[in-house]
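Those protein sequence lines, which keep their order, are chains A and B.
Residue numbering for the first sequence follows the working numbering, beginning at 1 and increasing consecutively.
Residue numbering for the second sequence follows the working numbering, beginning at 346 and increasing consecutively.
None of these hints come from the bench; they were simulated from the model.
Note that CB positions come from ideal geometry on N, CA and C, so glycine has one too.
Each hint should be verified, as a subset may be incorrect.
Stated by the list, open to error - Not close to chain A: a few residues of chain B, all C-beta gaps over 12 Å, as computed:
(1) Ser-392
(2) Pro-395
(3) Gly-399
(4) Arg-422
(5) Arg-572
(6) Pro-614
(7) Asp-618
(8) Gly-627
Said to hold, decoys possible - Which bits of chain B does chain A cover? Going by a derived footprint, with three or more residues having C-beta under 8 Å, they are:
(9) 437–446
(10) 633–641
Number of protein chains: 2
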Amino acid sequence: MRATLMYGPGDVRVIDVPDPVLQQPTDAVVRVVRSCVCGSDLHPYHSMTPEGTGAPMGHEFLGVVEEIGADVTTVTRGDLVVASFAWQDNTCDLCREGVQTSCRHGGFFAMNGIGGGQAEAVRVPQADGTLVRLPVAEDAALLPSLLTLADVLATGHHAAVRGRVTARTTVTVIGDGAVGLLAVLAARRLGAERIILMGRHKARTDLGLEFGATDVVAARGEEGIARVRELTGGDGTHAVLECVGHRPAYEQALGVVRAGGVISRVGVPQYADGDVGWRLFGRNLTLTGGPAPVRNYIEELLPDVLDGTIDPGRVFDRTLGLEEIPDAYRAMDDRSALKVLIRVY
Amino acid sequence: MRATLMYGPGDVRVIDVPDPVLQQPTDAVVRVVRSCVCGSDLHPYHSMTPEGTGAPMGHEFLGVVEEIGADVTTVTRGDLVVASFAWQDNTCDLCREGVQTSCRHGGFFAMNGIGGGQAEAVRVPQADGTLVRLPVAEDAALLPSLLTLADVLATGHHAAVRGRVTARTTVTVIGDGAVGLLAVLAARRLGAERIILMGRHKARTDLGLEFGATDVVAARGEEGIARVRELTGGDGTHAVLECVGHRPAYEQALGVVRAGGVISRVGVPQYADGDVGWRLFGRNLTLTGGPAPVRNYIEELLPDVLDGTIDPGRVFDRTLGLEEIPDAYRAMDDRSALKVLIRVY
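The shape of chain A in the complex, shown without the other chains (with noise of 0.2 Å):
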């Protein structure tokens, strides 16, 4: 089959690699019909340290299930289902406590032997407690909303659900990527009536706009959180939903919000040292968040995507074909795709 590997910044290529096949008994095979590039896909873009066999990629896949091993109940073939971007068995103490990312039995795509899903087809290890059904035919005009089951939507709501966000809640979003952008949706769809988006592109701030966010601020910085707390008689917001990553947010995050208030971050931090002294500490700040549990998030979420409630595949500005994945890296590093929906069969 066709599968997309990175060998070093910058070099992304779609070549043959063997089939995936059925491994242990509570595998899965499944044909992708849709994947995508995810932000967190360009840090190795950008960094990562030369490798002559490749590293296999993508962790955002919807498709079609091919072949499933003996244990394998809940899925059959034939089956459109959704993966979550960690594998899990969802029903060790962890994922009942609702960590999934720290299953005992799980891992993630794309790492550790296990293929990606800019591929034309996947092993999913602990099919039962990772792939979900999905109602729909295998053409929906849906399967970009569905899609985004498998990470971005599932993170953004991840990001609201530790922000504690509720109708009460007022709520600032850092960063206008995809993730930030659906953690607008998110933090609309639970209630809340205030919405702080920072972000710098006027297109992609403006989808935020219609996914609920009552402000944008483009200024960062100093001069960012002058704005947001003008914009809140001083005080900040009860919620920031960081999702970039990088320390500067972080510094933005705490100076944001509202004593008492919640910094839930979703960016993959790209730094170790962030300050957590009397700044964090002196107001009762809580700083939480982490890599969604999406396996525990997808039947929430998923109602509102089939009855068009939510519409979060919207993200997706531009479509491509397997083969013309490089194209799909170049245009989200250079910002000219929000993110790009790969079509894979």
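Model the placement of chain B on the given structure of chain A, informed by the hints.
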């Protein structure tokens, strides 16, 4: 009246100062009956910049109301009352959100022109929001336990509340000072059945065992982390209540917390930067805590103190008079006393 002032490291004096008087209609003047020395008083005792005029000391006291301003309605002359270590109106939006230590019209005792509790009397701003009437006589044997409502018991409770402690929560408490021991008591009171106390002073950890700790780990650093992990099947505990405030304690907390768990800090951090990168994020950990909003908790804790369900006053292992306060600081500094009760009147 007599009051305690600190002039520089190790230099604590009890001197004559003017009697406090009502300044605002919301003030009360309280004659102090019991006060005490806090672990946090030792920070300036080690490192304050020498100050010619002296800094008032003490933020924990109970006493008898001597005078009230015209607007005070909830306490009256002759009432025995306890004050929270921060004063607040307890009616503003931030107070109603449970962060009384960030009250819009509040502040802290022994700061910014407000006197300290290690004195014969204190002017209490926002008396209605700050003082709680105690339905016991002035000489009651309960006074030591009631005094802990001003800070240490409520602070230990805050650690447990922010740590989301319930009967299903495994808990590690870092620190065997008065706050750590009362965090053990508070976690037990909230139902925790497994409480690991990390501390090195046997007399103190023995009291921790009586307060409800199920295990004591004397080792620190990597060795201490390994021991807690060994006690918890390799996983660490759901909640870690960090009651020290130094960076090694934060590192220890990161090492012993279970995936998806909470690090709840009530030790005032004596550091700014800490690791908030993948170690915190990757396992969906939550970092929370801050100065305890004591006033939020007194009504909840008071009945259990009054009926003897809990006996937090046991953290006082020495009693001295007001004139002996310099000895109290020395005893706590050299760890010959856990916490010194000051019998003022």
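Against the structure, the hints come out as follows:
no.: 1; hint: Ser-392; result: holds, 15 Å
no.: 2; hint: Pro-395; result: holds, 23 Å
no.: 3; hint: Gly-399; result: holds, 24 Å
no.: 4; hint: Arg-422; result: holds, 34 Å
no.: 5; hint: Arg-572; result: holds, 22 Å
no.: 6; hint: Pro-614; result: violated, 5 Å
no.: 7; hint: Asp-618; result: violated, 4 Å
no.: 8; hint: Gly-627; result: violated, 6 Å
no.: 9; hint: 437–446; result: holds (count 5)
no.: 10; hint: 633–641; result: holds (count 5)
When each numbered hint is compared with the structure, violations occur for hints 6, 7 and 8.
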